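In the order they appear, the protein sequences are chains A and B. Position one of the first sequence corresponds to residue 1 (our numbering), numbered consecutively onward. Position one of the second sequence corresponds to residue 524 (our numbering), numbered consecutively onward.
Because the hints were derived from the structure by calculation, they are not lab data. Accuracy of the hints is not assured; some may be wrong.
[Claimed, not checked] Simulated restraints on C-beta separations: (1) VAL668(B) - ASP252(A): 28 to 34 Å; (2) ASP438(A) - GLY624(B): 17 to 23 Å; (3) PRO153(A) - VAL668(B): 38 to 44 Å; (4) GLY340(A) - ALA634(B): 29 to 35 Å; (5) GLY364(A) - GLN630(B): 23 to 29 Å.
Keep in mind that this is a model prediction, so the values were computed, not measured. Just so you know, even glycine gets a beta-carbon here, dropped at the ideal spot from N, CA and C.
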Amino acid sequence: MAAKFDLNDDGVVVIVGSGAGGGTLGNELAQKGVKVVVLEAGPRVEMEEFVNNEWESFSQISWLDKRTTSGSWRVAKDFAGLPAWIVKAVGGSTIHWAGASLRFQEHEFKTRTHYGELAGANLLDWPITLAELEPYYAKAEYKMGVTGTNGIPRLPGNNNYKVLAAGAKALGYKEFHSGNMAINSQERDNRASCQQIGFCFQGCKSGAKWSTLMAEIPKGEDTGNLEVRSDAQVIKIEHDASGKVTGVLYGDKAGNVMRQKARVVAVAGNSIESPRLLLNSASTMFPDGLANSSGQVGRNYMRHTTGSVYAVFENPVHMYRGTTMAGIVRDEAKLDTSRGFAGGYEMETLSLGVPFMAAFLDPGAWGRGFTSALDGYDHMAGMWIVGEDMPRETNRISLHATEKDKFGMPIPNVHFDDHPNDVAMRNHAFKQGSALYDAVGATRTIHTPPYPSTHNMGTNRMSAKASDGVINKHGQAHDIKNLFVSDGSQFTTGAACNPTLTIVSLAIRQAEFIADQMGKREI
Amino acid sequence: MRTIDKRLKVTRRNFLKSGAAAAGVTALATGTVVIDPNGAWAMSAKTLKPDTMVTLVRMARDLYPHDRLGDIHYARAIEPYDAKAGADETLKRLIEEGISGLNQAAQAKHASPYAAVAEEGDRVALLKSMEATPFFQKIRGDMVVAVYNQPEVWTKLGYEGSSAEHGGYIHRGFDDIDWLKDA
């Protein structure tokens with residue numbers, strides 16, 4: 001039975017957001033007997049309601065509240081009001097994610113050490129190591145049922161994967177397979193096996209894909225310790241004279257502003273909303289926003305060096321059939337600066353349906369050069385590039401000077417400029433992607449620029465020293481000990497892999513810490 | 524491998540709002556727009572001029588030309604503008620003034636309204652010259668959604684759309700590629 005807590009109950013942990021970080025933290029704490037209220041800005045949309053239709057689904061689950069963009073990144077020109085493609089619903093962006101679950105490599109926790117001083121980059125080593133996170137990665141993989149771990153077979157490769165694999169083999173790549181996916185290849189944990197539906201981004205309709213909506217939240221609710229309040233957008237975190245946080249103000253569906261008291265507040269609204277909330281919670285005591293003595297809240301925004309390569313072949317591929325991202329080539333993820341850039345990238349299968357392919361293949365393009373590619377839609381294969389991008393202080397989320405949302409909260413602006421390292425990496429990946437498909441007979445390859453960001457990271461980063469970042473190695477604010485950050489905004493750097501597994505692992509680890517500190521009356 | 528029958532079934536849906544049928548590209552004085560020698564479709568316009576609707580359909584095809592798509596698909600993408608313009612004076616002005624500008628440019632260069640300029644390349648050059656205008660950007664941005672968000676267009680392009688109700692592709696060819704030497 002889901003719990004129901006009183007607004008004045010100051011013994012609860014309030015978690016802002018129900019995605020990979022918030023949803024997992026909520027369940028983990030609930031399992032330990034901690035009382036939790038998760039406040040989710042979006043509605044609760046259940047699996048049966050998801051639709052296999054790209055635009056309809058986009059309207060149903062996306063975060064469409066107004067945002068602005070600035071900077072030289074192409075997204076600011078192509079999708080000025082849509083910097084990020086993330087979800088506003090219970091389950092957060094685990095509704096939309098494709099399931100790729102990769103561990104960071106050891107050096108990716110120590111980028112400042114390994115990459116050195118890169119001009120224009122704000123690199124910093126994480127305050128934790130791979131060895132410290134490994135036990136939690138293992139727990140996360142078990143919890144999520146990641147294929148290729150825990151004896152779980154990998155998913156069967158679809159047509160798009162087969163083209164990728166044939167090309168990878170022809171190029172001499174060694175490490176490619178159908179991925180480490182949090183998508184059931186067989187029934188597990190009361191969730192079905194993958195039906196190869198092909199609409200992973202629109203919310204999995206078979207339940208095969210792990211999400212906090214399908215897995216963590218119902219389990220947490222069953223304990224009687226977890227309440228998920230949907231349509232509840234947190235506007236401000238409040239604190240007392242001692243500087244400890246005391247609760248949050250949130251706007252509900254009817255437009256009323258409510259106050260939920262709290263013993264601990266954990267922020268997990270994704271890397272745009274989390275810093276927005278901390279910045280908007282500025283007070284006389286914390287004039288630059290909560291947890292912001294370092295000035296790093298909102299800064300070091302990362303979104304991965306992405307891009308796609310689509311290839312058209314003489315014969316049909318039907319890439320849209322089956323699991324969207326069950327295919328990966330990992331050879332370029334290694335540390336090898338001889339390529340002319342620091343960091344590495346993954347190549348992962350990706351397909352879009354016709355509606356989104358038209359919107360994203362080459363935004364702004366028109367005429368026969370564009371339509372002839374779409375005429376080859378069913379003969380296309382596609383990959384997505386996921387590379388490590390460089391944190392930069394100037395890439396940041398800030399509060400808009402004048403525009404406010406319906407609750408009077410300033411809307412966020414997302415500023416991003418590619419670092420030269422990002423550009424060099426993307427160009428290398430485009431070249432390798434084309435070479436891979438050319439090796440199996442592509443008649444045309446197309447380099448698609450980054451989509452609105454799905455991997456949003458780094459805006460409340462972890463640091464050993466309080467002057468370098470926002471939170472410590474447990475995600476606890478350096479400045480306020482009962483305030484935590486629990487989403488991808490914790491990332492000190494982004495690594496060459498999809499962030500969800502690491503977010504979940506950090507949440508499991510953080511839950512242990514919070515429960516321990518509550519038990520010791522430290523918080 | 525399982526391939527797709529890209530032929531469309533003929534249905535009455537090809538008539539949008541009214542049931543008129545005639546030959547050629549015509550804008551009738553009644554406000555009804557009729558196109559297509561096969562009598563495939565017609566629509567009535569209440570707010571925008573019938574000539575404007577005809578020109579918009581021509582423009583939509585020139586923006587996103589697929590020779591395998593009939594005019595009906597471009598007309599469907601354009602049709603909602605009439606009602607939207609009825610409720611939005613700014614949009615109405617943007618469209619009518621934009622089309623008027625396009626026709627003036629066509630008259631100046633080819634002594635013909637845009638929709639009657641014979642060569643696609645000439646029409647594309649006219650569009651190119653106004654690419655930076657809010658009118659062009661509005662129509663292009665809407666068309667890249669509206670043209671490609673039609674299930675019949677998906678069929679023509681070999682995309683099967685919603686699959687969950689068919690049990691996904693697990694028994695319908697998710698891995699049936701048969702031409703790779705080394706898959």
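Here is what the structure says about each hint:
Look at VAL668(B) against ASP252(A): about 32 Å separates their beta carbons, and that is inside 28 to 34 Å. At roughly 44 Å, the beta-carbon separation of ASP438(A) and GLY624(B) lies outside the given 17 to 23 Å, and the hint is violated. Taken as a hint, the range 38 to 44 Å holds for the pair PRO153(A) and VAL668(B), whose Cβ atoms sit roughly 39 Å apart. For the pair GLY340(A) and ALA634(B), the beta carbons lie near 55 Å from each other, so the given range of 29 to 35 Å is not met.
For the pair GLY364(A) and GLN630(B), the supplied restraint of 23 to 29 Å holds, since their beta-carbon distance comes to about 28 Å.
Hints 2 and 4, counting from the list given before, are not met by this structure.
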